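Asks: Residue-level listing of the chains:
Protein chains: 2
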Amino acid sequence: MNILIVFAHPEPKSLSASLRDVAIRELEAAGHQVKVSDLYAMQWKSQVDRADFPALASNERLLPVAASKTAFATGTLTDDVKAEIDKLQWADTLILQFPLWWFAMPAILKGWVDRVYAYGFAYGVGEHSDRRWGDRYGEGVMAGKRAMLIVAAGGWEEHYSARGVNGPIDDLLFPINHGILYYPGYDVLPPFVTYSTDRFDEMRFAATARELRERMRTLETTPPIPYRKQNYGDYHIPSMELRGGIEPAGVSGFALHQLPHSPDS
Amino acid sequence: MNILIVFAHPEPKSLSASLRDVAIRELEAAGHQVKVSDLYAMQWKSQVDRADFPALASNERLLPVAASKTAFATGTLTDDVKAEIDKLQWADTLILQFPLWWFAMPAILKGWVDRVYAYGFAYGVGEHSDRRWGDRYGEGVMAGKRAMLIVAAGGWEEHYSARGVNGPIDDLLFPINHGILYYPGYDVLPPFVTYSTDRFDEMRFAATARELRERMRTLETTPPIPYRKQNYGDYHIPSMELRGGIEPAGVSGFALHQLPHSPDS
Chain A
2 MNILIVFAHP EPKSLSASLR DVAIRELEAA GHQVKVSDLY AMQWKSQVDR ADFPALASNE
62 RLLPVAASKT AFATGTLTDD VKAEIDKLQW ADTLILQFPL WWFAMPAILK GWVDRVYAYG
122 FAYGVGEHSD RRWGDRYGEG VMAGKRAMLI VAAGGWEEHY SARGVNGPID DLLFPINHGI
182 LYYPGYDVLP PFVTYSTDRF DEMRFAATAR ELRERMRTLE TTPPIPYRKQ NYGDYHIPSM
242 ELRGGIEPAG VSGFALHQLP HSPDS
Chain B
2 MNILIVFAHP EPKSLSASLR DVAIRELEAA GHQVKVSDLY AMQWKSQVDR ADFPALASNE
62 RLLPVAASKT AFATGTLTDD VKAEIDKLQW ADTLILQFPL WWFAMPAILK GWVDRVYAYG
122 FAYGVGEHSD RRWGDRYGEG VMAGKRAMLI VAAGGWEEHY SARGVNGPID DLLFPINHGI
182 LYYPGYDVLP PFVTYSTDRF DEMRFAATAR ELRERMRTLE TTPPIPYRKQ NYGDYHIPSM
242 ELRGGIEPAG VSGFALHQLP HSPDS
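Heads up: the protein sequence lines correspond to chains A and B, in order. Going by this note's numbering, the first sequence wraps up at 266, each residue one higher than the last. Going by this note's numbering, the second sequence wraps up at 266, each residue one higher than the last.
Only chain A is shown next, with the shape it has when bound in the complex (with noise of 0.2 angstroms):
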């Protein structure tokens, strides 16, 4: 299998960096190929700019929706961005991997899902019409892949448990699950997360290790989230509300958008 890791954490000795290293072992010795994209160590440029559409005439307002498509059609998106895509249709497996700051990834991730995904190939792709909207939530030139994130969270685990203060660790996670993994058809297993992670000491660090190997070893079996796919009945379209009664009983918010049991289960 291949595999792209998009490592985000600006020091080579972090945590964050000793597990990927640890993934990537673990992938290695499995007879996987593996990238990573080492977003601080690329000095990966963070925000969508003019920059990024060499072809826009420079007296033509920036509309970044439609600057996107035009330089993805024609070939014009810049050369750090088109290396990018060219490695995330390689890997069969992305994986994301970042300490949750503010609740969300840092910056320059953002910046990386901002800039590489361009309208044509992330989004904007496939049929409108009142029979399906798109090709995404489960399709998508994604489909058939398979994605997970590795996050960090400095917080204790209590604190983003399903009554804790900073949310559910999967409600915060949803948007980038679902929102950016699952839009453009990846299959999304469910994260790896780590709390607490200022203190770590050596023998937790040896028990998160052998969790995420297992992790590793398991990423072609392990079973997605179940999200409910788009164009396939659940929803109305072009409202794309999801239909009135199938969920069960008391499920709302992020939750109507996974079926009530794996598929396979």
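Treat the hints as calculated values from the structure; they're not laboratory data. Everything numeric in this text was worked out from a predicted model, so none of it was measured. A few of these clues could be false.
The list treats identical chains as one, so a pair stands whether inside a single copy or across any two.
Unchecked claim - Calculated cross-link-like contacts (lysine-lysine; reagent style DSS-like; alpha-carbon spacing at most 27 angstroms):
| id | residue 1 | residue 2 |
| --- | --- | --- |
| 1 | Lys46 | Lys14 |
| 2 | Lys83 | Lys46 |
| 3 | Lys230 | Lys46 |
| 4 | Lys14 | Lys70 |
| 5 | Lys88 | Lys230 |
| 6 | Lys88 | Lys14 |
| 7 | Lys230 | Lys36 |
| 8 | Lys14 | Lys230 |
| 9 | Lys230 | Lys70 |
| 10 | Lys36 | Lys83 |
| 11 | Lys83 | Lys70 |
| 12 | Lys36 | Lys88 |
Chain A is fixed; fit chain B onto it per the hints.
Replies: The following block gives chain B in isolation, referenced to the frame of chain A:
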């Protein structure tokens, strides 16, 4: 009143910029003082890295939380960050205005949060004991101040509705409203969100501008989102899990962290 608008769109002629100017004119006409941090115009640096901590020895490992704590305590944050902290201290009300990209803020604005929200300023403040868990979620340096989001979403409003496929907009914005604004103490007003932003004609712009001006006129009187305070009995300390049974039947997820009704109603 002193109002800071932190603005994140790369195009000076964008819809977002036009709405920003509508807001500024309305606020200034009412006699308020307005400052704008136009992040793209300022060429704001997005990513947290070693350059943010000039006092950190070059052979020292970068632990972002520890480095932030030391730099804030010793006054060695960079000048651009210090200037933003000064503006936050000056402002009675903070407005974050941005286009919704991939269900979150653009990287450059996330980088403003990641860099400006220093340890000892926006987090890591107050007593941690069996009676309280820091000055956060309703307390903190911003207590008594107000904040709100102005968001432009490209997608359809229905897709962000309670049953919409993208997830409800209030849940998508919870990590920002609750996790970034309420966390250091702001009272958070309901967001001002416009949808289908690539289909704006003059009539729709005029109607949206009218609604936005009304929101600016009522900044001081609009009831904030009634998030629960952390240290006043609703949560177990230190697990910070909401006590059992205090929410209305059927409420779960992020909605747990709001009072069923505004305290004033």
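Asks: Determine for every hint whether it applies to the structure shown.
Replies: Evaluation of the provided hints:
no. : hint              : result
1   : Lys46 with Lys14  : both (22 angstroms within a copy, 23 angstroms between copies)
2   : Lys83 with Lys46  : both (13 angstroms within a copy, 23 angstroms between copies)
3   : Lys230 with Lys46 : neither (33 angstroms within a copy, 38 angstroms between copies)
4   : Lys14 with Lys70  : between (39 angstroms within a copy, 19 angstroms between copies)
5   : Lys88 with Lys230 : within (25 angstroms within a copy, 45 angstroms between copies)
6   : Lys88 with Lys14  : within (25 angstroms within a copy, 34 angstroms between copies)
7   : Lys230 with Lys36 : neither (29 angstroms within a copy, 45 angstroms between copies)
8   : Lys14 with Lys230 : neither (40 angstroms within a copy, 37 angstroms between copies)
9   : Lys230 with Lys70 : within (25 angstroms within a copy, 45 angstroms between copies)
10  : Lys36 with Lys83  : within (15 angstroms within a copy, 38 angstroms between copies)
11  : Lys83 with Lys70  : within (14 angstroms within a copy, 38 angstroms between copies)
12  : Lys36 with Lys88  : within (8 angstroms within a copy, 42 angstroms between copies)
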